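Enquirer: Assemble the whole structure, with the sequences as input and the hints as a guide.
So you can see what is in the structure, the chains are spelled out below.
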Amino acid sequence: MVAHRPPEGLDAHGAAPAVPTPDEALSAGLTLSLSAPAVFGGLILRGPRTEGRDRILASLQDAVRLPIHVDIERLIGGLDLSATLSAGSPRQLRGLLASGVGPVIVPSAERLGAQTAGLLALLLDGALAGPHGEPIAPRPLIVLDEAEGDDPPLDPRLLERIALILPADIRAHAPPTIARLPQDWRHTPLHDETINELLTAALLFGVPSIRTSNQLCAAAKALAALDGHGVSPQVAQFAAALVLGPRAIPRQEVEPAPLPEEAQQPGPSDGEDDGQNLTQAGELRERVVEAVDAALDSDLFSIVGAAASQRGPQGRAGRTKKGGRGRPAGVKRGRPGRDGRIALVETLTAALPWRRLRGGPEDTIPVRQSDLRVRRTKSKSATLTVFCVDASGSQAFSRMAEAKGAVERLLAKAYVRRDEVALIAFRKDGSEVLLPPTSSLTRAKRALAALPGGGGTPLAAGLQSALRLCLSAGAQGREPTLVVLTDGRANVRLSGEGGRSEAMAEAEATARQVRAAGVAAVVVDTSPRPGKAAAHLAEAMGARYAPLRQFGDGLDAAARPLGAPS
Amino acid sequence: MATFPFAALVGQDDMKRALTAVAIDPRIGGVLIFGDRGTGKSTAVRALAASLPTMPNFADCRYNCDPDIPEEVSSCPDSPQAGRKLKVPVPVVDLPLGVTEDRVVGALDLERALATGEKVFEPGLLARAHRGFLYIDEVNLLEDHIVDILLDVAASGVNVVEREGLSIRHPARFVIVGSGNPEEGELRPQLLDRFGLAVDVKTPTDIPTRVDIIKRRDAFERDPEGFVAQHQKAGERHKRKIVAARRRLNDVELDDDILALIAGIGMALGTDGARGELTMMRTARAFAAFDGRTVVRADDVRAAAPFALTHRLRRDPLDETGSAVRVERALKEVFDGGAQAA
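If you read the sequences in order, they're chains G and S.
If you count by the working numbering, then the first sequence holds residues 1 to 566, one letter each, in order.
If you count by the working numbering, then the second sequence holds residues 567 to 908, one letter each, in order.
Hints should not be assumed to be uniformly reliable.
Unchecked claim - Lysine to aspartate or glutamate pairs mimicking EDC-like chemistry, simulated, CA-CA at most 20 Å apart:
1. Lys332/G to Asp668/S
2. Lys768/S to Glu346/G
3. Lys532/G to Glu497/G
4. Lys685/S to Glu346/G
5. Lys768/S to Asp80/G
6. Lys332/G to Glu709/S
7. Lys781/S to Asp184/G
8. Lys685/S to Asp371/G
9. Lys332/G to Asp714/S
10. Lys653/S to Glu134/G
11. Lys332/G to Asp602/S
12. Lys685/S to Asp80/G
13. Lys781/S to Asp192/G
14. Lys332/G to Asp784/S
15. Lys332/G to Asp710/S
16. Lys332/G to Asp759/S
Simulated from the structure, these hints should not be mistaken for laboratory data.
Everything numeric in this text was worked out from a predicted model, so none of it was measured.
Expert: Printed below as a string of structure tokens:
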């Protein structure tokens, strides 16, 4: 019905995409997240602590800061044991989340347990209830994600629910302007075409979540309501850069789905102005895309890291182990020593109610075996990154030096994270484990420099040994991540014989086994012109796909010649 | 707070059908919903509960006992006979991850114990979920021992607490709806088997559907009451169909051919145990009842089979074929084979 009206404000063509400046992004992010937590969830501040960030946090009104280790009672309320004991009569603890309505600051969010993250996700969904079933209203979460090095990434449930992600590196001189969204911001009109373009952009940048798309449209409305001039292309760009920018996968890596064509038809519009509408819609999309591109910052490491987190240890919320090491992971009935360390307070809590019934001297608390509680701990399992490198002839001539450079950088990163690495190369008629799992960077570098090149591409054989290594690492309690560097063009079969189509089929079957085994994987496409073969392999493997070309200048510098193969 | 209307949910027909089936016949058991985040799983559960008729309840009963079931009332730990009656919406209880056993099954009321030395039972989430739904987001991340308790209670319909010197039993009949992302941790096969139905949901990737979803969501968030009113008619229709189906359920007949068909599908897929086949039968019956019939037809069975069986197939790590494909293949065989014989 609105197809005949062009999107508002298209005449105001700006030359540069409307990428928000850091100050603008911060003001907008704070305004949106603080005024409509049920929609936007809050704000993730990414990066190490800075003075600027702390200044912002200090300025937030009625904010409450969660302790790093916090139990469910403290969060949603329950009996306050220490107050109860000193008062001699029951004292209820008001849950941190239930008292007040201001923002909740979540420090060291990367260390948040799955339990706390789950509660916070319920809070944002409006589905959290106190100890007696009383609902707790959503509040904005200001999540401080300081993950670096070997820290796990932010819990995916929070990442999914919180629309706004900004760098913690805040250098604003002036305090951000936190505006109030007008009451009726939701009623800001948003044209079908604009929704169409925003959603197309979201898919184009590999952000498939419907929730995020909803937040994107809501952000466009909110920004327009603040602006007072309706949803102009600039506002749409701003919203896209703000919401999609930090989540986007570089465009070239997203499967070129037939979306743009589909979106070229903005509804049943007819006649002459059809063409005009088309151009306008296309133009708007281009500008939205440009804005996100400009706001985009991604490199190989974040992709590898994301792949590891997809099916890695955090997804599984780590492993709960008996014994004393690691982070606390709840309290359970059990025998100290056998099941874990004694949890003194909980044990006394369990024993306390029976004091009168069990008798005994006035100032003692009789403890029975059934009262004993133990504290369980969770320790993060070690990770192993298996590099599976194509050292075939085609590879050696074109990209070997660059591939080595990429592996070396990844190695260095793995070393910083204290991960173990292993190196497998495949060429000629088989594969070879050049470096069994080790945490020695020097050994890894030496093995890499000595990597010989030339011959055919026995991709299936390489993948098979990589998978074997990953599975045995998994059995030992390590979390494997597989990084395959190849152009994906297999031509040697498992049997060592040649034959392109059979070799490709075997490689694909092996890739599917990798997927079935649930090994997190990345395929780095090393062919000079990233093509279908490696992308196809990545798909079969359920792996992230990343063309080497994409890593640009930084990588070229790192890919300095590593010396001739010995 | 208004709830997004069930009738206004876009797409996700499998999820809606499975939820509707368990709303008609809770004996089918729980529903497992696998799929991406943000596909409206929890919205659908809440929407379904809100679309059902309100249920009578006693104001002074913390166990949600059904006033129309005398045994339930007479054995209720709160003995609410004298209580005032209410009409309450069908409950949806969220089970947070990391929830303690005490909070789930109920525990000694510490407050009373400390203050007066009385031993009083404080009912847990299971009591609150009685006659409703228990929703667990990311059930694959829930501690195994909690999942065991939940499935045990859901299967028996009774929560028995025998500990800390307390002895309590109260009815706890609820439908577990668990959502999960299989990429983030598997459920043990024996737990999978105990969920009645399983469905896969996927984020729609075509722009028009996505636009439709976003527009409805936006309209709802803008004016919840207005949006609910707009879909009230369709909601009422769905509600009436469910109520009628419930009433009809016991009259729905399964003739021998249908039973043989069900057994044949089970055999073709080599499912372990009879649970899959029982579930298939109950689900087919619910579908027939929902459709206003008292006779189960072969197409009811065909529709029910994937829901009841996909999660019950044995995993073959070397066979890369997905379970859904295997079920589809077996169904084709059984149905086409049957057609040829006829």
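Enquirer: If a hint holds in the structure, say so; if it doesn't, say that too.
Expert: A quick look at each hint next to the structure:
1. A C-alpha spacing of about 10 Å is found between lysine 332/G and aspartate 668/S, which places the hinted pair at or below 20 Å, so the restraint holds.
2. For a cut-off of 20 Å, the pair hint linking lysine 768/S to glutamate 346/G is broken: about 43 Å separates their Cα positions.
3. A distance of roughly 24 Å separates the Cα atoms of lysine 532/G and glutamate 497/G; the hinted pair therefore is violated under the 20 Å criterion.
4. Only pairs whose Cα atoms come within 20 Å are accepted, and lysine 685/S paired with glutamate 346/G is accepted, the gap being roughly 18 Å.
5. Distance check on the hinted pair: lysine 768/S and aspartate 80/G sit about 44 Å apart at the alpha-carbon level, beyond 20 Å; violated.
6. The hinted pair formed by lysine 332/G and glutamate 709/S meets the criterion: a straight-line CA distance of about 12 Å does not exceed 20 Å.
7. For the hint linking lysine 781/S to aspartate 184/G, the alpha-carbon distance of about 17 Å falls within 20 Å, and the restraint holds.
8. Between the alpha carbons of lysine 685/S and aspartate 371/G the distance comes to roughly 16 Å, so the proposed pair stays at or under 20 Å and holds.
9. At roughly 16 Å between alpha-carbon atoms, lysine 332/G and aspartate 714/S fall within 20 Å of each other, so this suggested pair holds.
10. With a C-alpha separation of about 18 Å, the suggested pairing of lysine 653/S with glutamate 134/G holds against the 20 Å cut-off.
11. This hinted pair does not check out: lysine 332/G and aspartate 602/S have alpha carbons roughly 32 Å apart, beyond 20 Å.
12. This hinted pair checks out: lysine 685/S and aspartate 80/G have alpha carbons roughly 19 Å apart, not beyond 20 Å.
13. For the proposed pair lysine 781/S and aspartate 192/G, the alpha carbon gap of about 9 Å is at most 20 Å, so the pair holds.
14. Note on lysine 332/G and aspartate 784/S: the hinted pairing is violated, with a Cα-Cα distance of about 44 Å set against a maximum of 20 Å.
15. Between lysine 332/G and aspartate 710/S the CA atoms are separated by roughly 13 Å; this keeps the pair inside 20 Å, and the hint holds.
16. With a C-alpha separation of about 27 Å, the suggested pairing of lysine 332/G with aspartate 759/S is violated against the 20 Å cut-off.
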